[in-house]
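J.: Sequence:
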Amino acid sequence: MKTFKGRPVVPGKAKASALVSHGGFNTLASFQNALQFGDKTAKCGDQNNPDIYQQPMVDTALCLPQTIGSTTGGMVLYCAAAMERNPACMLFSKPIDSLAAAGAILADVWTDRNMPVIDNLGDEFLDYVKTGMTITVDEDGTVTVE
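If you're matching positions, the sequence shown starts at 12 in our numbering and goes up one per residue.
There may be inaccurate statements among the hints.
[As the list claims (entries may be wrong)] Pair ranges (Cβ atoms, derived): (1) K105 / P22: 36 to 46 Å; (2) Y139 / G49: 13 to 23 Å; (3) K26 / D123: 16 to 26 Å; (4) S81 / V120: 15 to 25 Å; (5) M12 / G49: 31 to 41 Å; (6) Q58 / T14: 15 to 25 Å; (7) G49 / D151: 15 to 25 Å; (8) W121 / P61: 28 to 38 Å; (9) F48 / T14: 36 to 46 Å.
[As the list claims (entries may be wrong)] Below, simulated PhoX-like cross-link-like pairs (lysine-lysine); rule was C-alpha separation at most 20 Å, straight line: (10) K26 / K141; (11) K141 / K16; (12) K105 / K51; (13) K26 / K13; (14) K105 / K141; (15) K13 / K24; (16) K105 / K16; (17) K16 / K26; (18) K51 / K141; (19) K141 / K13.
It should be emphasised that the hints constitute simulated quantities derived from the structure, not laboratory data. The beta-carbon is built from N, C-alpha and C at its ideal position, and this holds for glycine as well.
Please construct the entire structure, taking both the sequences and the accompanying hints into account.
T.: If you want it as structure tokens, here you go:
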């Protein structure tokens, strides 16, 4: 078990199984099937992300370095939450970009979905965590990996 401390962008508590991407997370490509074609498990549709391609993202602790891609990324996160197809939490090793932060904050304000978002967890976090490990998130930005 190891504990990491990050910055809470959207504070909250969560406990979920880790889903780890070591590459940039293209929000639009990843959630496209969930938002356009009704995939309720939100299997990752980004074929350029072999770590998580075709893996269900709903209710996981999505661990990633940063988001990449389209300027629609923030709205995609908000829509995923509004459609109840969001991860349990999003954990960034690097600083979150403004578009992803805006989408996560809008999801927190405009939906009833709890999706804590923590950034600045560091490269050691992403090196340590593996898909399937249990992640616990506390409101102060503490992330425990078991």
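J.: Take the hints in turn and mark each one as holding or not.
T.: Checked hints:
Take K105 and P22: their Cβ atoms lie about 19 Å apart, and the range 36 to 46 Å is violated. Checking the proposed 13 to 23 Å range against Y139 and G49 shows it is violated: the Cβ atoms sit about 35 Å from each other. A beta carbon spacing of about 18 Å between K26 and D123 agrees with the range 16 to 26 Å that was offered as a hint. Taken as a hint, the range 15 to 25 Å holds for the pair S81 and V120, whose Cβ atoms sit roughly 22 Å apart.
Between M12 and G49 the Cβ separation comes to about 38 Å, which falls inside the hinted range of 31 to 41 Å. Range check, Q58 to T14: about 34 Å between beta-carbon atoms, so the 15 to 25 Å window is missed. Hint check: G49 to D151, Cβ distance near 37 Å, so the stated range 15 to 25 Å is violated. Restraint check, W121 to P61: a C-beta distance of roughly 33 Å satisfies the suggested window 28 to 38 Å.
Distance hint check for F48 and T14: the Cβ-Cβ separation is about 38 Å, which falls inside the suggested range of 36 to 46 Å. Taking the CA atoms of K26 and K141, the gap is about 15 Å. The hint holds against a cut of 20 Å. Using a Cα cut-off of 20 Å, the hinted pair K141 and K16 holds, with the two alpha carbons roughly 17 Å apart. Straight-line distance between C-alpha atoms of K105 and K51 comes to about 28 Å, which puts the hinted pair past the 20 Å bound.
Of the pairs offered as hints, the one joining K26 and K13 holds, with about 15 Å between alpha carbons and a cut-off of 20 Å not exceeded. Between K105 and K141 the alpha-carbon distance is near 17 Å, which keeps this suggested pair within the 20 Å criterion. The suggested pairing of K13 with K24 holds, with an alpha-carbon distance near 17 Å, which does not exceed 20 Å. Annotation: proposed proximity of K105 to K16 holds, straight-line Cα distance about 12 Å (limit 20 Å).
A hinted pair counts as satisfied when its Cα atoms are at most 20 Å apart, and K16 with K26 qualifies at roughly 16 Å. With a C-alpha separation of about 24 Å, the suggested pairing of K51 with K141 is violated against the 20 Å cut-off. For a cut-off of 20 Å, the pair hint linking K141 to K13 stands: about 12 Å separates their Cα positions.
Going through the hint list in order, the structure does not satisfy hints 1, 2, 6, 7, 12, 18.
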